[in-house]
Amino acid sequence: MSATTAPRRVAEQAIPRQVRTANARSRETLIGAAMASPAVILLAVFFLVPVALAFGLAFTNARLISPRPPHFVGADNFIRLFGDSFFWASLRNTAYFAVVVVPVQAGLALVLALLANAKVRGTNFFRTVYFAPVVTSMVVISLLWRFIYQPDGLLNQIISAVTFGHSHGTDWLNNPTTAMPAIMFMSVWQAVGFHMIIWLAGLQTIPRDLYEAASLDGASAWKTFTHVTWPSLRATRTFILITITIGALSLFTQISVMTQGGPLDRTTTVVFMAVRAGYEQQSTGYAAAVSLVFFVLVLTVSGVQRFLTREKA
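Following my numbering, the numbering of the sequence shown begins with 1 at its first residue and continues without gaps.
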């Protein structure tokens, strides 16, 4: 009698335990969904909906302020875009900026990370100094550097003092030759601290045993870097390469504040062109077409980078 009732009691006790476990899991799922819902709603309202509208407006003649409703025009906006010399100039400027800034910024950030990772006194101070421009508004940074680049600004005064008055510099932002390099220098200075922190995080994940083994084998500093540090930073450098490229291709704030696309359209970019077409010229459909082409361009470049930097079996 007792032999048959004992398993039954165990089964009866196990059922409530399973029910409690299921209830706890469902409660955790509801709490997690509730905590994630604000971010999901904001993402949908301010990202997914605008992207969907941009895809739809790219095939219409919509204007920002117009009494007439937009009409479907097919690929007319894209035909106009690819025949627009201003678009190709903007694309060249964007590519020029990205090709120079991406390797320079990534390389300089890696050097700063290696220096900041050294076990010497004062590294925390220098980490703060390098990172300080990142937390400053890009608009403020752009205004500051616009004053520095003026004909009577700080940069030209330094050049004049160093050369004892033999050279007085130039009007950096109004010179077609120096406008884009000046913006490149300022952009690298502003953002290098952010990617230094990412490199630094990657460096601190490398096991110390690898460096000790390299030291015991008599490896030089360069051999240690090429055979230990650099291979161990594969995931970090892929992330940095993609993020810097996306940031470089979406260049806008510096151009809007410092040059307005000039001089002679030497600093206009694809994003600046889209904003100007959409708000100044009020051609919303055409601006949406520019944005759609830019989206495909960034997606393609990021995909190629991810493919080239993938971990090969």
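Because the hints were derived from the structure by calculation, they are not lab data. Any given hint might turn out to be false.
Said to hold, decoys possible - In silico SDA-like cross-links for lysine to any residue, where the CA-CA straight-line distance does not exceed 25 Å:
hint	residue 1	residue 2
1	K119	L308
2	K119	F59
3	K223	T243
4	K223	L308
5	K119	T178
6	K119	S137
7	K119	L292
8	K119	G247
9	K223	R146
10	K119	T226
11	K223	A213
12	K119	T253
13	K119	M138
14	K223	T245
15	K119	R266
16	K223	S250
17	K119	F225
18	K223	L210
19	K223	L233
20	K119	M184
21	K119	T60
22	K119	P38
23	K223	R208
24	K119	P207
25	K223	G247
Note that the structure is a prediction, hence the values are computed from the model and not measured.
Tested hints:
Between K119 and L308, the direct Cα distance comes to roughly 34 Å. Violation of the 25 Å bound is thereby established for this hinted pair. Restraint check: the Cα-Cα separation between K119 and F59 comes to about 58 Å, which exceeds 25 Å; the hinted pair is violated. About 28 Å separates the Cα atoms of K223 and T243, which puts this hinted pair outside 25 Å; it is violated. Simply put, K223 and L308 have alpha-carbon atoms about 24 Å apart, close enough for the 25 Å limit, and the pair holds.
A threshold of 25 Å between alpha carbons decides the hint, and for K119 with T178 the separation of about 39 Å lies outside it, so the pair is violated. Proximity of K119 to S137 is assessed by CA-CA distance (about 31 Å); at most 25 Å being required, the pair is judged violated. Distance restraint check for K119 and L292: the Cα-Cα separation of roughly 48 Å exceeds the 25 Å cut-off, and the hinted pair is therefore not satisfied. Taking the CA atoms of K119 and G247, the gap is near 32 Å; set against the 25 Å cutoff, the hint is violated.
Restraint check for K223 and R146: not satisfied, since their Cα atoms lie roughly 43 Å apart, outside the 25 Å limit. For the given pair, K119 sits about 20 Å from T226 by alpha-carbon distance, which is consistent with the 25 Å threshold. Of the supplied pair hints, the one linking K223 and A213 holds, its CA atoms being roughly 12 Å apart against a limit of 25 Å. Taking the CA atoms of K119 and T253, the gap is about 37 Å. The hint is violated against a cut of 25 Å.
Only pairs whose Cα atoms come within 25 Å are accepted, and K119 paired with M138 is rejected, the gap being roughly 32 Å. For a cut-off of 25 Å, the pair hint linking K223 to T245 is broken: about 29 Å separates their Cα positions. For a cut-off of 25 Å, the pair hint linking K119 to R266 is broken: about 44 Å separates their Cα positions. Among the hinted pairs, K223 with S250 is inconsistent with the structure: their alpha-carbon atoms are about 37 Å apart, more than 25 Å.
Taking the CA atoms of K119 and F225, the gap is about 16 Å. The hint holds against a cut of 25 Å. Proximity of K223 to L210 is assessed by CA-CA distance (about 12 Å); at most 25 Å being required, the pair is judged to hold. Among the hinted pairs, K223 with L233 is consistent with the structure: their alpha-carbon atoms are about 15 Å apart, no more than 25 Å. A threshold of 25 Å between alpha carbons decides the hint, and for K119 with M184 the separation of about 32 Å lies outside it, so the pair is violated.
Only pairs whose Cα atoms come within 25 Å are accepted, and K119 paired with T60 is rejected, the gap being roughly 60 Å. A hinted pair counts as satisfied when its Cα atoms are at most 25 Å apart, and K119 with P38 does not qualify at roughly 42 Å. With a C-alpha separation of about 16 Å, the suggested pairing of K223 with R208 holds against the 25 Å cut-off. Note on K119 and P207: the hinted pairing holds, with a Cα-Cα distance of about 16 Å set against a maximum of 25 Å.
As the CA atoms of K223 and G247 are separated by approximately 32 Å, the hinted pair breaks the 25 Å bound.
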